[in-house]
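J.: These protein sequence lines map, in sequence, to chains Z, V and W. If you want my numbering, it's the position in the first sequence, counting the first as 1, plus 9. If you want my numbering, it's the position in the second sequence, counting the first as 1, plus 2. If you want my numbering, it's the position in the third sequence, counting the first as 1, plus 151.
There may be inaccurate statements among the hints.
Stated by the list, open to error - Among the chain W residues that face chain V by a calculated CB cut under 8 Å, a handful are: (1) P173; (2) A315; (3) G319; (4) L320; (5) F403.
If you are wondering where the hints come from, they were derived from the structure by calculation, not from laboratory data. Remember, it's a predicted structure, so these values are computed and weren't measured experimentally. By construction, the Cβ of each residue, glycine as well, lies at the ideal position given by its N, Cα and C atoms.
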Amino acid sequence: MKIWKSLLIFSIVLILIVQAGCSSSKSSSGDGDSNGVVTLKFWDFHSEAEKKFFQDLVKEYNTSHKDQVKIEYTAFNQSDYTTTKLPVAFANEEGPDIFMVSPGDFTKYAQSGIMADLNSYFPEGAKEDFLPASLEAVTYQDKVLALPYELELLGLYYNKKMLADKGVEVPKTWDELQAAAKKLTTDKVAGLVLPTDKGPYLNFIWYPFLWQQGGNVLNEDGTKSTFTSPEVVKALDYWGSFFKDGSAPSKLQYGPWDASNIGTGSAAMTILGTWAVPVLENQFKDVEIGLAPIPTPAGGKAATDAGGWKMAVNSKSKNVKEAAKFIMWCFAEDSSRPLKWATEIKFAYSPRQSVIKEGEKIYGEGLRKVFTEEIYDSAIPEPRYGPEVVDAVGEAMQKVMFGKVKGEDAAKEADKKIEEALKKK
Amino acid sequence: MNFKRKETLTAYGFLLPNLLGLTVFVFVPMVYAFYVSLHDWNALSPKVFIGFDNYKKLAEDKDWWQSVYRTFIFTIIYVPLLVGSSLFFAVVMNNIKKKFEGLARTLFLLPFAITSVISAVIWMFLYDPRNGFINQLLDLLGIPTQQFLGSTSQAMIAIIIVILWINLGYNMMIFLAAIKEIPTDYYEAAQIDGATGWRAFWNITLPLLRPTTIFILIVTTIGSFQVFDQIMVMTKGGPANSTMVSVLYIYKQAFEFLNMGYASALAVVLFLIIFVLSLTQLRMYSDKD
Amino acid sequence: MTKNKRLLTIFTIACGILIVLPIFFLVISSFKAPEEVFKPNLNITKLTMENFEAVMEKNILRAIWNSLIVSTSVTVIALLFHSMSGYALSRLNFPGKNLVFGWMISTLMVPFTVIMIPLYMVTKNLGMANSYLGLIVPMIFNAYGIFLFRQFYKDFPKELEEAAYMEGLSIARTFFRIVLPLSKPMMIPLTIGFFTANWNNYLWPLIINQKEELWVVQVALANIVGGGYETSWSIVLAAALLCAVPTFIVFFSMQKYLVDGIKTSGIK
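Here chain Z stands alone, though its shape is the one from the complex (with noise of 0.2 Å):
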């Protein structure tokens, strides 16, 4: 009996299938022109408020060029986006038309081509708009790769009951910063969230404390590692030492750049991004939190780190043109669309300076006033090293922070790894 039963559902199991299957090869009829309809690959890995922007913008976009270009847009995971999705379909010649590039993927795309140069589609007059910067961040070769369309500042959040109830006064100073970490840390409360895990967003959140005294990871050309310096043996020891003595926590809930951490109170302090600004506005508006510039080291100068995701066009598109041009129209055209993404669905600055006027008044709202007034002179645009020094960084970071390693030692041998990996390329 048990065998009719499962060769019935055997048997209807197989025509769902062979449906299934014909009506889904029928529908995925590729991405050539069919009647002159350009047909674009859009894949993103946004999610909510800042998702429904890109699908408006496509949205837009299709039906203004509606017997012309049609651009189907997909978002996936952002982890999984950046380590599997796309180098499985980029390896498969299958990859999007159409794609968002961080500064930690940069380099590695820029290096195997895959990026097609933007440089003949800004419209006139565009390109200068633009903050040098932000641009140099994006070329390659003389080759602009990719089309800047946010900036990301950094800053030290602190809940001010917490500081005001200690009698802490925020922090300038490292020396400051510490003692302030120190004092506030209980068993409910860690003194300052910073990221625990390896990865591009641990080195993010580090680079300022490098910065600040004038060091860097890579000398002034990027040929050779400068990593056994005093400034990087400092900035290391510094940064291990809140995990050393407890006030930053070995293991977080929440994501290090989640700005619940903060919100829910079960953080005085930690250092986070512009995006944090609206989600503090809506998710947390009871909790009174301030902002100040990341703290500074005795002779230091402020420096805070400027990140921020580009779009790119897939240089073995069969269509870059009209990719391309699908790109500039969302950000290198009308102010309103960047000026929308960085003052309404999020938080940040535009790489434009147009833009950057337009908006502002809400520059000057509540924290992003802390962050234009204070914060903007002096950011540095997140470096685009290659994932081996990437990584080479996080695993010193990793063992002055639990390995019991000195920052002497760990960076030596993140200094070897570096300079290997410099050599390959």
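Go by the hints and put chains V and W onto chain Z.
T.: Quick look at chains V and W alone, frame taken from chain Z:
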């Protein structure tokens, strides 16, 4: 002669779908991976043939061999724990009041239904140094807060416990099914001879469970060498590489560094290690068959 | 004897409850308000359904349906193919037997991340990308099932087959008419194993399919997690719970098949 021919034909007929399917969907990709291992390839540009350079490189890759060592340690701790505890509970399960057996079995099995990401999230919460349940419990008992996943010495054990939690019920069920296959007459006969309880287990149950035990041993070992999902979510190999096991290292090379050729070479080596290990296990235990 | 049994029962149920505690946490958390989700309190007064409402808006039902189709198909077909292969490998004698077995087991030894890309190429070239076929067919062929059946069939009583042959039944007939129906207890672990593995499968469905209509449960779940700047964990947990329900149902319904040995009844 005729029967033997028929037997061979039927056997291969039975095996045909799997022979075909495994060839197309596993063997061919494996061969391709070996082919890739002889090249330098970053998935985005054309491949560059470099012969056995990747293999020469991995022989000197300290980080790789450390990951292999860690995987061995993981396996040596996890496998006996899993096999032992699932066997233990299977026997116990077979001897409790029938009324409750279904309920108990289900309780043990439930963790298996939860996907790796979610079980990782749940346990990350339980292990949390500040707010986690486990530390709160320890607090009540007067034991100081443990870092668990944030400690280089505890992270590996913490993860082993999670994976044990997930797989215990399922493997117990396999043992249980096998135990229930043993005819009750065997036990009745033994009872007449005066052998019950422990004796019965040792002389009847255990030997008859041989094929199943070997199966679980080998499969769990193979799986243990390939553990990935939970570690990726819970620690990403940290803190400070203390949980960087082999497959994680391969994944890092393949998808973070885009060193596909090198990653494939590492995978080939891992395959050989697992192969030799499994062969040894099979030989060791089938000898006494 | 009965006292021992009772003690054992209590011990086992106690262990069972311990094991289920983390899942209990999952259930409670999915009913908590977003800000409460990681707080260890068991504040039952603040329970809410808002998470589940949010999940419903995210179209997770379609994903559950897709996963059902895929997991069921793979399991049913695998049961058939693997029982046949396992039987052949353990009960029949033929040249090349050990070689075939060894070769099949070796296919278990390669981590998926490594064959992921070439498998994608193969599947694409067979025209199965972006369809149910691509999700189902490659996942059927997994030597785990073959190995499992082979081990189980080793202890199968020869008398049954011998009796069948004496009656003039062919090998194939014997298998399908007699052996297979009596293999129920062995099929349970396989059903549960394959169904769950495919239900929880994430990496493969992620890379083989683009279309949102073909998304399976884990991919949809990962999308809810987002990985962006704010993950609403309470919604994720609620979605995860919802997604685990079908698996729970399979588990519960399979339990009744885990009956006592077939031997005694079979031989008679």
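J.: Next step is simple, just say for each hint if it's right about the structure.
T.: Results of checking the hints against the structure:
1. Because the beta carbon of P173(W) sits about 5 Å from the nearest beta carbon in chain V, less than 8 Å, this interface hint is met.
2. For A315(W), the interface hint is violated, since its Cβ never comes within 8 Å of a Cβ in chain V; the closest pair sits about 13 Å apart.
3. Nearest Cβ of chain V to the Cβ of G319(W): about 12 Å, over the 8 Å cut. The hint is violated.
4. Taking 8 Å as the C-beta contact cut-off toward chain V, the hint placing L320(W) at the interface is violated, the least distance being around 12 Å.
5. Hint status for F403(W): holds, given a least beta-carbon distance of 6 Å to chain V, under 8 Å.
Checked against the numbered hints above, the structure breaks hints 2, 3 and 4 and satisfies the rest.
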